[in-house]
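Q: Spelled out from the first residue to the last, the chains are:
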Amino acid sequence: MRQAYEILLRLYPRDFRASFTAEMLTAFDSSAHERRAMGRSAYLRFALAELASLVVGAGKEWSAKFKTDRSLRGRSLPDRLMMRPPGVPWEAYYGNTLVKAPESALPREVMEAQRRAALLVELIVHAIAHHDFEGARTYSYQERQAREYLRLLREKYKCWSDTWPSA
Amino acid sequence: MSLVDKPRHGYALLKDIDALSNGRVRLSTGTLYGALRRLLEEMWIERFAQEDTSREKQAYRLTAAGRRQLRLELDRMRQLTRAGTARLRAREA
Numbered sequence: 001m002r003q004a005y006e007i008l009l010r011l012y013p014r015d016f017r018a019s020f021t022a023e024m025l026t027a028f029d030s031s032a033h034e035r036r037a038m039g040r041s042a043y044l045r046f047a048l049a050e051l052a053s054l055v056v057g058a059g060k061e062w063s064a065k066f067k068t069d070r071s072l073r074g075r076s077l078p079d080r081l082m083m084r085p086p087g088v089p090w091e092a093y094y095g096n097t098l099v100k101a102p103e104s105a106l107p108r109e110v111m112e113a114q115r116r117a118a119l120l121v122e123l124i125v126h127a128i129a130h131h132d133f134e135g136a137r138t139y140s141y142q143e144r145q146a147r148e149y150l151r152l153l154r155e156k157y158k159c160w161s162d163t164w165p166s167a
Numbered sequence: 168m169s170l171v172d173k174p175r176h177g178y179a180l181l182k183d184i185d186a187l188s189n190g191r192v193r194l195s196t197g198t199l200y201g202a203l204r205r206l207l208e209e210m211w212i213e214r215f216a217q218e219d220t221s222r223e224k225q226a227y228r229l230t231a232a233g234r235r236q237l238r239l240e241l242d243r244m245r246q247l248t249r250a251g252t253a254r255l256r257a258r259e260a
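Chains A and B, in that order, are what the protein sequence lines are.
Counting from 1, one number per residue, gives the positions in the first sequence under my numbering.
Counting from 168, one number per residue, gives the positions in the second sequence under my numbering.
Hints in this document: simulated from the structure, not taken from any laboratory.
Every residue gets a Cβ at the ideal spot worked out from N, C-alpha and C, and that includes glycine.
It is possible that some hints are incorrect.
In silico DSS-like cross-links for lysine-lysine, where the CA-CA straight-line distance does not exceed 27 Å [stated by the list, open to error]: (1) Lys158/A - Lys182/B; (2) Lys182/B - Lys224/B; (3) Lys182/B - Lys60/A.
Anything over 10 Å on all C-beta distances counts as not near chain B; from chain A, calculated [unchecked claim]: (4) Phe20; (5) Thr26; (6) Arg40; (7) Leu44; (8) Ala58; (9) Val110; (10) Val121; (11) His126.
FRET-style restraints, in silico, Cβ to Cβ [as the list claims (entries may be wrong)]: (12) Asp183/B - Arg108/A: 24 to 34 Å; (13) Val171/B - Arg108/A: 48 to 58 Å; (14) Ile7/A - Glu259/B: 22 to 32 Å.
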């Protein structure tokens, strides 16, 4: 029965399986153990209901995956390092009209602020990977503050992102 | 509602819902985890790290937003039952 359950779990979207498969199997094992003690017919009813609910549930999850907002669909956080930094016009950012400056050319304050923001992004990713969502929220708050500080420094020194204006 | 008093993991939730409904509602694991996924996305619940937490036994707890939402939902149900009772009484009188 467990084998059938595991096979049907594969019908679910990959992101759902990554989050819940282990837990679902544990809950199924505990429930199955309890129902088995209640008799053969109770166990059979339970098993059929479980397997049917997996088929229906998988359909619902696929439907939810396509119906939910695009930002939630992938069920992962956007890569903030790939986002256009505040204060940089999108024409300049996407038109590649900014050229990369050597780090040494940046003021020390800006360099340090950049490193701190990047470190905080790494800490957020690490915290999420370890299911420490409270920690991730704290780092996210600190990262927002660090980015704001960085934006002010960039305005002060007239430099954006890790780039200098080419013209 | 099962998460109001303390964090619970999947199997504990199934047992609690069974007890809360006097055995009328017996959720399957597929239904339960579909609901947990939706509640997590709405940020009404969150994963909670307990000392003995493992990947197989992840506990969940209600967030402040979830508690607020539950209160709203209970108010709505209270209002509905009050209106229903009032109409029934008026009809019987």
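Q: A separate judgement is required for each hint: does it hold in the structure or not?
A: Structure-based check of all given hints:
Straight-line distance between C-alpha atoms of Lys158/A and Lys182/B comes to about 61 Å, which puts the hinted pair past the 27 Å bound. For the given pair, Lys182/B sits about 15 Å from Lys224/B by alpha-carbon distance, which is consistent with the 27 Å threshold. At roughly 24 Å between alpha-carbon atoms, Lys182/B and Lys60/A fall within 27 Å of each other, so this suggested pair holds. For Phe20/A, the shortest C-beta to C-beta distance to chain B comes to about 5 Å, within the 10 Å cut-off, and the non-interface label is violated.
With a least CB separation of 4 Å from chain B, Thr26/A falls inside the 10 Å interface cut-off, contrary to its annotation. For Arg40/A, the condition that its CB be more than 10 Å from all CB atoms of chain B holds, with the nearest at approximately 18 Å. The beta carbon of Leu44/A is kept farther than 10 Å from every beta carbon of chain B, the shortest such distance being approximately 14 Å. The non-interface label for Ala58/A is inconsistent with chain B: the shortest C-beta to C-beta separation is roughly 8 Å, within 10 Å.
The Cβ of Val110/A sits about 34 Å from the closest Cβ of chain B, beyond the 10 Å cut-off, so the non-interface label holds. Residue placement check: Val121/A keeps its beta carbon more than 10 Å from all beta carbons of chain B (closest about 21 Å). A cut-off of 10 Å between C-beta atoms confirms that His126/A is not in contact with chain B; the least separation is 15 Å. Separation of Asp183/B from Arg108/A is about 57 Å and departs from the stated range, judged on CB atoms against 24 to 34 Å.
Judged by the Cβ atoms, the range 48 to 58 Å given for Val171/B and Arg108/A holds: they are separated by roughly 52 Å. A C-beta distance of roughly 55 Å is found between Ile7/A and Glu259/B, which places it outside the suggested range of 22 to 32 Å.
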